[in-house]
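In the order they appear, the protein sequences are chains Y and P.
Residues in the first sequence are numbered consecutively from 1, following our numbering.
Residues in the second sequence are numbered consecutively from 280, following our numbering.
Since the hints were made in silico from the structure, they are not lab data.
The structure displayed is predicted, hence computed values, not measured ones.
Just so you know, not all the hints are guaranteed correct.
What the hints assert, rightly or not - Straight-line C-alpha distance at most 20 Å; calculated EDC-like pairs for lysine to aspartate or glutamate:
#1 K263/Y - D521/P
#2 K134/Y - D521/P
#3 K158/Y - E216/Y
Unchecked claim - Pair ranges (Cβ atoms, derived):
#4 Y372/P - V242/Y: 43 to 53 Å
#5 D57/Y - R428/P: 20 to 30 Å
#6 Q525/P - T19/Y: 39 to 49 Å
#7 W495/P - E152/Y: 26 to 36 Å
Note that the Cβ used here is the ideal one computed from N, Cα and C, for glycine as well.
This is what each chain is made of:
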Amino acid sequence: MSDGSPGHDNTTAHDYTATEMMTVTASRALTNGTTCFVGIGLPSEAANLARLTHAPDTVLIYESGTLQTRPDVLPLSIGDGELCDTALSTVSVPEMFRYWLQGGRVDVGFLGTAQIDRYANLNTTLIGDYREPKVRLPGGGGAPEIATNSREVFVMIKHSARAFVEEVDFITSLGFGRDGRARDDLHPETARHTGRGPTLVITDLCLMRPDPDTHELVVTSIHPGVTREQIIEATGWSVRFVNAPEATPEPSAHEVQVLRELKARTERHHAGHHEEASA
Amino acid sequence: MAEFLSLHEAIARHVHDGDIVALEGFTHLIPFAAGHEIIRQKRQNLTLIRMTPDLLYDQMIGMGCASKLIFSWGGNPGVGSLHRLRDAVEKHYPAKLEILEHSHAAMACAWEAGAAGLPLAVLRGYLGSDLPRVNQDIRHIDCPFTGERLAAIPANRPDVTVVHAQKADRAGNVLIEGIIGVQKEAVLAARRSVVTVEEVVDSLEATPNACVLPAWAISAIAVAPGGAAPSYTHGYYARRNDVYKQWDAIARDRDTFRQWMEDNVMTVEEGVSA
Chain Y
1 MSDGSPGHDN TTAHDYTATE MMTVTASRAL TNGTTCFVGI GLPSEAANLA
51 RLTHAPDTVL IYESGTLQTR PDVLPLSIGD GELCDTALST VSVPEMFRYW
101 LQGGRVDVGF LGTAQIDRYA NLNTTLIGDY REPKVRLPGG GGAPEIATNS
151 REVFVMIKHS ARAFVEEVDF ITSLGFGRDG RARDDLHPET ARHTGRGPTL
201 VITDLCLMRP DPDTHELVVT SIHPGVTREQ IIEATGWSVR FVNAPEATPE
251 PSAHEVQVLR ELKARTERHH AGHHEEASA
Chain P
280 MAEFLSLHEA IARHVHDGDI VALEGFTHLI PFAAGHEIIR QKRQNLTLIR
330 MTPDLLYDQM IGMGCASKLI FSWGGNPGVG SLHRLRDAVE KHYPAKLEIL
380 EHSHAAMACA WEAGAAGLPL AVLRGYLGSD LPRVNQDIRH IDCPFTGERL
430 AAIPANRPDV TVVHAQKADR AGNVLIEGII GVQKEAVLAA RRSVVTVEEV
480 VDSLEATPNA CVLPAWAISA IAVAPGGAAP SYTHGYYARR NDVYKQWDAI
530 ARDRDTFRQW MEDNVMTVEE GVSA
């Protein structure tokens, strides 16, 4: 499923990691021409891989105000100079959130998270009680409104029982609420401006999608070499599978090569102590 | 009208104990030199506002300058936690820190509302989030035209905003370029403002739609070359990602942190600290 251009090795990769499998699969979920509001970390890696392979016209937006950016290396922070240098335009942060996100210009919000639950609610705030947290996490950032103002949301997270919990300790960003119904009964004006929520969760083991009726996340596709037992063990609720889960296609040699080159470039760039000024 | 002052004088005159203070800059143009001067002058009991508290607020909180933090994302971007912030929230060290937590969209709107002289910001936000349960400042209003329930939060109105910018001209007008974040809004929302700049030039050579703060909207300007490092100044120097990565180990331990601050902030001259 790579771009199929001549000279690219579209044969299946022989050798790839589970994380590379996750990133390539996530990149394939972005169709060419999509306007994507990109979260930092894993989503940023996948979104840029999509742009460098099958989806060159994907529009990437970062919350720092950089519109339609084409970074050569992955940013360490959401506001790296690289994002501004390679953007079509850089707007203020209020404009970014008010006009471009709340205004309804974003097709896909692409988010990472610390915890996700059965109804795809996301927690990036804390583990434990709010006033006496066991672990304090960074907080919401752009995610609460990205999760509701984008037309749909993709979530990327490594599979583990600590991350996939029955119910999140804190709903930072709405999936489908504690009963799965939170998006059903909105005021018509609010509903008109609110997206479908998480439609796809990409992990290093499988793909999950919300059940059309209950909105509970169910496994729809299993990555090569992964067993159902592994997924069950790494999920904190009694996870369900669709009747006949698909087998996720393996990455192509080209996709793995482009991803590795991107990461190597990024590593070299961020290791430099005396980089040239961004101009 | 903007007065050119030394950084020491600008902070001494405009940042007081107990003030509501915002040091803004969205990853870019974070006013480290000015923040370090606030630490050296041992300001106390500050309410700190900032969308993305990063290393600078970790340092200010760890040195005991703050009693309250209003923010929307507190971390070391791409690296991990802010250990001094966490220590203050979780263990009340070196002092108890009250936190008031928002989303970026809400904070950005609160800055805009502050600049516009409005009492509140309105947004289609916090839908289904637990944040309104833990932050009394997140409330709701009904739209008088459609009946839609919208989120409302108070405007940000700090006593003083501190930002860093590329340059000022000799009259004290300031040009900000690159990722401009909420700098303009944060300055216009504040009662007083201090702007540090890389340099003073004869002409800003600003294009018609450039982000310019007129001299008459600024209280004080201090020249602080390198004043945003280890964050960056577009067109001048790049972000020191290595410093951001190293900070994790420094801030993890209370004593290591104290010693680092002693060596790199407390005992150095203004404007030349790391």
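Hints, verified against the model:
Pair hint K263/Y plus D521/P holds up; C-alpha atoms about 17 Å apart against a cutoff of 20 Å. Our distance criterion of 20 Å between C-alpha atoms is broken by K134/Y and D521/P, whose separation comes to about 29 Å. For the hint linking K158/Y to E216/Y, the alpha-carbon distance of about 18 Å falls within 20 Å, and the restraint holds. The given range of 43 to 53 Å is respected by Y372/P and V242/Y, whose C-beta atoms sit roughly 50 Å from each other.
A hinted range of 20 to 30 Å is violated for the C-beta pair D57/Y and R428/P, which are about 37 Å apart. At about 25 Å, the beta-carbon gap between Q525/P and T19/Y misses the expected band of 39 to 49 Å. The supplied range of 26 to 36 Å is broken by W495/P and E152/Y, whose beta-carbon atoms lie about 47 Å from each other.
In summary, the structure is inconsistent with hints 2, 5, 6, 7 from the numbered list given earlier, while agreeing with the others.
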